[in-house]
Amino acid sequence: MTLSIGSKKFMTNRLLQRKQMVIDVHHPGKATVPKSEIWEKLAEMYKIADVIFVFGFRAHFGGGQTTGFGMIYDSLDYAKKNKPKHRLARHSLYEKKKTSRKQRKEEYNNRMTKVRRTAKANVGPGKKK
Amino acid sequence: MAAPGNLAVLESDLQSAVTLLKNLQDQVMAVTAQVQALTKKVQARAYPTEKGLSLLEVKDQLLLMYLMDLTHLILDKASGGSLQGHAAVLRLVEIRTVLEKLRPLDQKMKYQIDKLVKTAVTGSLSENDPLRFKPHPSNMMSKLSSEDEEEDEAEGQSEASGKKSVKGTVKKYVPPRLVPVHYDETEAEREKKRLERARKRALSSSVIRELKEQYSDAPEEIRDARHPHVTRQSQEDQHRINYEESMMVRLSVSKREKGRRKRASVMNSQLHSLTHFSDISALTGGTPHLDEDQNPIKKRKKIPKKSRKKTGFRRRR
Numbered sequence: 001m002t003l004s005i006g007s008k009k010f011m012t013n014r015l016l017q018r019k020q021m022v023i024d025v026h027h028p029g030k031a032t033v034p035k036s037e038i039w040e041k042l043a044e045m046y047k048i049a050d051v052i053f054v055f056g057f058r059a060h061f062g063g064g065q066t067t068g069f070g071m072i073y074d075s076l077d078y079a080k081k082n083k084p085k086h087r088l089a090r091h092s093l094y095e096k097k098k099t100s101r102k103q104r105k106e107e108y109n110n111r112m113t114k115v116r117r118t119a120k121a122n123v124g125p126g127k128k129k
Numbered sequence: 001m002a003a004p005g006n007l008a009v010l011e012s013d014l015q016s017a018v019t020l021l022k023n024l025q026d027q028v029m030a031v032t033a034q035v036q037a038l039t040k041k042v043q044a045r046a047y048p049t050e051k052g053l054s055l056l057e058v059k060d061q062l063l064l065m066y067l068m069d070l071t072h073l074i075l076d077k078a079s080g081g082s083l084q085g086h087a088a089v090l091r092l093v094e095i096r097t098v099l100e101k102l103r104p105l106d107q108k109m110k111y112q113i114d115k116l117v118k119t120a121v122t123g124s125l126s127e128n129d130p131l132r133f134k135p136h137p138s139n140m141m142s143k144l145s146s147e148d149e150e151e152d153e154a155e156g157q158s159e160a161s162g163k164k165s166v167k168g169t170v171k172k173y174v175p176p177r178l179v180p181v182h183y184d185e186t187e188a189e190r191e192k193k194r195l196e197r198a199r200k201r202a203l204s205s206s207v208i209r210e211l212k213e214q215y216s217d218a219p220e221e222i223r224d225a226r227h228p229h230v231t232r233q234s235q236e237d238q239h240r241i242n243y244e245e246s247m248m249v250r251l252s253v254s255k256r257e258k259g260r261r262k263r264a265s266v267m268n269s270q271l272h273s274l275t276h277f278s279d280i281s282a283l284t285g286g287t288p289h290l291d292e293d294q295n296p297i298k299k300r301k302k303i304p305k306k307s308r309k310k311t312g313f314r315r316r317r
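Those sequence lines, one after another, are chains A and B. Numbering follows full-length UniProt numbering, in which position 83 of the first sequence is assigned residue number 83; successive positions increment by one, without gaps. Numbering follows full-length UniProt numbering, in which position 266 of the second sequence is assigned residue number 266; successive positions increment by one, without gaps.
Okay, chain B solo, but in the shape it has when bound (with noise of 0.2 Å):
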């Protein structure tokens, strides 16, 4: 009881259903041709997966899995079932969480993989694969024969195996022969090596330090700051004691080191730093001054060493 007008329209849907239908049918004989001819490869044993990855093989299976299930409810979509509560259903769905789960271990194999692929088809290591620096202990030159020791395919194979070669025959040793150069420290460059000391001590005293507090916008910091003199002295000794109870012996204090130390303890106990600053003439450009009880700055005079023998003859060249 369909109207003229539906009855062109399914006319023609016929015509594209019939179509349609002799197509599925043509590939469902292909399709069940290639699974055959696979299914014999693979009981022939044609793709062995023992030594293969443990992953791979897993999604091989699930793959596999999902496929039967959904073949499964194909089959019983096409001869007339409903879908309803089908156990399939629930199978199918489980796979693909596991199989969405398996995604992100994909992304971390995906190196590993590639370069076990690229490795199967081109039969070596590639280029710059870091595996090819291995040691060769076969390439160290070995003591009894003198041969020479093999071309190295990258330094660093050099030097992983390089540092422990020992040559056949004992050479003597021969330095290298640079290029000599003149030693010309001038009297001005010596001059202007003595400010910038001079200058940089300037920086670092009290003085300037409070101007520089002063002038900033930074917060006031109080600190229980002691002259840095004093505590370089008071680590060295920390470290020197720390030293001698661990090694259990007593180390001997040079002269210097004991004019040191005294130093050190008398700027803690006397009143020196209240009135006196240090020298700050390197920045200002005056003459450097000294206070009235502070010792002179001596020069080092060059001391001529000692001669052994009696070289009163030779010395008056």
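Pulled out of the complex, with its shape left as it was, chain A reads as follows (with noise of 0.2 Å):
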């Protein structure tokens, strides 16, 4: 398992309270590495498990080297208010709305034509749920 992880670029961001830096990892000979592992080596190295977030892994030209960004959270509240919805939700850490937009919307329509005038203006989507 030759795989080694190294980074660069490391910035202590402190308005958004977290570390943030560039990874490489070098893996001769095999297929990219994916995320997932990538993932759970850091948290070895690191010691800390819920607050690192890996994305944007592209490889190199010929194989064997990957490189992608890493961020590390000050703590997990900081992580939940300043980090996207999607990858949050790729660490299960979010759930999404499972309806769909047109449901949505088709949901919304049908309440409008019920109403009169101005009272379609206090038709929201969230009011009638």
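Treat the hints with care, since some could be wrong.
Each computed DSSO-like pair below joins lysine-lysine, with the alpha-carbon atoms no more than 30 Å apart [said to hold, decoys possible]:
| no. | chain 1 | residue 1 | chain 2 | residue 2 |
| --- | --- | --- | --- | --- |
| 1 | B | K258 | A | K35 |
| 2 | B | K110 | B | K59 |
| 3 | B | K77 | B | K22 |
| 4 | B | K262 | A | K8 |
| 5 | B | K22 | B | K51 |
| 6 | B | K255 | A | K85 |
| 7 | B | K258 | A | K9 |
| 8 | A | K96 | A | K120 |
| 9 | A | K81 | A | K97 |
| 10 | A | K30 | A | K8 |
| 11 | A | K9 | B | K262 |
| 12 | B | K255 | A | K35 |
| 13 | B | K22 | A | K30 |
| 14 | A | K30 | B | K77 |
| 15 | A | K35 | B | K59 |
Derived CB-CB ranges, DEER-like [claimed, not checked]:
| no. | chain 1 | residue 1 | chain 2 | residue 2 | range |
| --- | --- | --- | --- | --- | --- |
| 16 | B | R177 | A | T118 | 40 to 48 Å |
| 17 | B | Y243 | A | Q17 | 20 to 28 Å |
| 18 | B | P180 | A | G63 | 17 to 25 Å |
| 19 | B | R250 | A | F10 | 16 to 24 Å |
| 20 | A | K96 | B | Y243 | 24 to 32 Å |
| 21 | B | N242 | A | D74 | 23 to 31 Å |
| 22 | A | M11 | B | S265 | 25 to 33 Å |
| 23 | B | H276 | A | G63 | 28 to 36 Å |
| 24 | A | G63 | B | R250 | 17 to 25 Å |
| 25 | B | L102 | A | F10 | 53 to 61 Å |
| 26 | A | T118 | B | Y243 | 45 to 53 Å |
Everything labelled a hint here was simulated from the structure, so no lab data went into it. Because the structure is a prediction, the values reported are computed rather than measured. Note that CB positions come from ideal geometry on N, CA and C, so glycine has one too.
Both chains come to you apart, so use the hints to assemble them.
Here it is, written out as structure tokens:
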């Protein structure tokens, strides 16, 4: 398992309460390493598991090297506040709404047809759920 | 026991000596009177120098000390003493050296002193003094009242302060009306431009470059130079990588970018440049020809934009 991980351009971002860096993965002779593996390895290295997020891995031409980004948050609260939702969802920290946009619009329009004039302004997508 | 010739010389000398001594006495009395008047004035504080330039003050003091030592020496000499090893001589030499070292400083201060004197004499700044172009916040227009901006004295002033002025009432922005010019690129001009571009490209092709090297006297340079397209692409790639790493985002690559990248990498790997030479017909005057495996030059078609509304009726106009 010749996998070596190095980090570059390490920066402490106080404004977003995190440390961010560029992660270099060296894996000669193997296919691109999946994200979950990298995440596990990093958790081992830095000893904290739930506030590390990795994304954006791209393999270099010819294989053998992959570069991506990683962020370590100060605490889970900050992570929930500052991270985009789809990244949190990858770590199952966030559940997305399951209804599709089309269904939601249909419901909204149906409700609108039942109401006249100025009362239409009061019809909201969340109000009559 | 002087000879009669010497006696005559002595007599004439005596005459001039007496007149000289008389002159000397008169002058000494005049000088003493002047010096006493000056001392009185200085003691009455008619010349205050606290707020003046310290350099000038130092020079004043040094010159005074010089004069004092000089008069001391004259006194001693006049009463018959000798100047050998006199302490005042050493002091004089020291002061003289200091004054001479001060001369370049004087040069540097000349501009400032001149300006101060001029201001003191005329009472205001001169015409082309850059100090006149200070920013004047009192000239800016206030938001509350709608007073006009004062006339600026020079354009430097308006540049400094005018940028922040806000109009009193909010007015709609009206773009300046310039005379519209008809766009008139005829077919001939387009052809000319195309020819120019092809000519430039031909001039920098490998065939022409090798010809140039053959006939020029300059020493032959062997460089690790790749094809210009390749270097350009690799530079752009590097720039992109730097941006992505510093911003921590991944940028998307358009189809055109992908094609360019692919072509640049292909150029490195194939032996394309061994057998295929670029087109130099722009210089030789022949017809432009293409290699068999290159794509033909496509002319871009004008695709009309799809309009959103149903304008079936309008389109027929």
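Practice item. Report the numbers of all earlier hints that the structure fails to satisfy, in ascending order. Key: 5, 13, 14, 15 and 18
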